[in-house]
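Residue numbers (the numbering used here), protein chains in the order written: chain A, 58 to 226; chain B, 4 to 154; chain C, 1454 to 1690.
Since the hints were made in silico from the structure, they are not lab data.
You may find that some hints are simply not true.
On the chain A side, residues computed to face chain B include the following (Cβ under 10 angstroms) [stated by the list, open to error]: (1) Leu69; (2) Ile70; (3) Thr88; (4) Ser91; (5) Met109; (6) Ala112; (7) Gly113; (8) Glu119; (9) Arg146; (10) Lys149; (11) Val172; (12) Glu210.
Here are the simulated DSS-like pairs of lysine-lysine, each with C-alpha atoms no more than 27 angstroms apart in a straight line [to be verified]: (13) A:Lys168 <-> B:Lys149; (14) B:Lys149 <-> A:Lys117; (15) B:Lys136 <-> A:Lys168; (16) C:Lys1599 <-> B:Lys64; (17) C:Lys1680 <-> C:Lys1462; (18) C:Lys1599 <-> C:Lys1529; (19) A:Lys199 <-> C:Lys1561; (20) B:Lys68 <-> A:Lys168; (21) A:Lys199 <-> C:Lys1597; (22) A:Lys199 <-> C:Lys1680; (23) B:Lys86 <-> B:Lys149.
Computed, partial: chain A to chain C, Cβ under 10 angstroms [said to hold, decoys possible]: (24) Val77; (25) Tyr83; (26) Ala121.
Glycine residues also receive a C-beta, built at the ideal position from the N, C-alpha and C atoms.
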Amino acid sequence: MKWFYIRWGGVLIIAAIIGVLGIQRYNRDVTAISPDRLLRDQPAQTVRVIGMVEAGSILKEEGAVLFQLSGEGAKIPVRYGGEESENLRDLKTVVVVGMWNPTTKTFDSGKIALVPNYGFVTAAYLISLLPMGFFLFNMERKVAMLYILIKEEKVYQPEQLTEESLESR
Amino acid sequence: MKAGKKTAIVVSILIVLGGIGYLVFGNFGKNLIYFVTPSEVVAFAPEQYGKKVRVAGMVVKESLKVVPNTLRLTFDLTDGAEKIPVAFEGVPPDLFKEGQGAVVEGFWDADRTFHSHMIMAKHSEDYMPIEMKKAGGTLPKKDFFKTLKVD
Amino acid sequence: MVASRLIAKLQRYEGWFGIAAGLLIMVGLYMGLVTSSPDYYQGEVVRIMYIHVPAAQSAMFAYTVLFGGSLWYLWKRDPVVDNMCHAAAGIGIFFTAIALVTGSIWAKPTWNTWWTWDPRLISFAIMLLILVGYLMLRTFLEDKEKEATYAAILAIVGFIDLPIIHFSVEWWRTLHQPLSISTRGVSIARDMLIPLLLMSIGFYLLFAYMLMVRTQMLYLQHLLEAKRGRMLSKVHL
């Protein structure tokens, strides 16, 4: 029984390490603020803003695309200067990466990212791997206990459970 | 065997059989034709107008138009042979775009337009990274229209 | 009472399957979740494929084992084979549920719906219900021999659903995409194919490992039950 718990302790530690590494890897991609927060806080550094491209607001200009990004009751004008992106479409929810320009009152962006749907991925993996681990743990524990019980009650000697001993009989 | 246990057995067998029966005869039969194609919609008889159906096809390139400041949009759906106009109201899924497959739920009406409130994206079976797509990479791609299984 | 030779073999070799499955799944998870690229169309959600497809494949493999085992049982009447069938069904229902749930989570961002009455989805849900019925049948009857026989017949009849699941996307119009790997070629980029294959093989091995453990569990339970002459379930199991 001791080895059984040591083994599962090892599995748990490895799983925890992978989990922490995974969270660190994806955390920076996930955080994005709403246009409403942006207008309130007016941060001076590069931020990621999530919102929906207002229908019919896309205006193509020389070297830039202008559009309105809305979300949580607020709307901000965005000036996008990056390479043409097929994610920039009407009614599409996107993440724009860039900086708020307080003088022109526009958000200057050089990158449009897809909405990171890691939430779905994480949910799918947790919902499968956690019950699977529990299922297996429970099953192995039962087997280990059954072998002990069987030995105690002398149903048969588990030591005999090797091929050689069976064949020599 | 006790009477209570017997009842439990009968009830649970009925539940499982009922579930399977419901799936097989109720939904399977009806959904063997999960969707119709634009060609079939064009050939609809008047009595089929206004009945709820699903239509699958490819969103015709350059056909998507959004009515500004509303959630209404129009586009054409094609199966390679015929093309039908679709009027949609609502928020389309993120994966809905021109040149991609879509299944729209709604009804065909006498105005020869398909009215819909629900779009599902029909995914093709090819998977590749964005960089590969940008570099013009292709897979042994199958014809999208073939997956519509037009006879 | 003597231990079965098959059980002795299972106890001896199960560890190798467990270790191999663990390693493959770990590498597969790392490649699938970290190093592989997002899909050009679906984006990050494509990563759900690396668990959904292996789970679905293993579920169908579990049912195939159950089918083969049931035939074998009806022929040889070996109670250990019956334990193996019972075990395969218990694990199969687990993988089936995982495939349905992960598929649903994938469908929401991709298709824009959690569930739709598509032939592939319906036939897969039928497999889940058949397995539920199978496991329920196994708890009802007092005569062990009868129980095993009826269960085996149910499993063999239910096998008809498997080809339907597999070919549903080829035979009928479905929202579910057709087979990506078929005689017409492979339509998955190598970057994504490798983690998928690793996870698939890992899941097959994991199923084999679980089957070995669970067969022993059921066998030992029955052994103890026979010794004590009463149901064991109330003790602690």
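- Item | Hint numbers not upheld by this structure, sorted from lowest to highest | 1, 2, 3, 4, 8, 12, 13, 14, 16, 19, 24, 26
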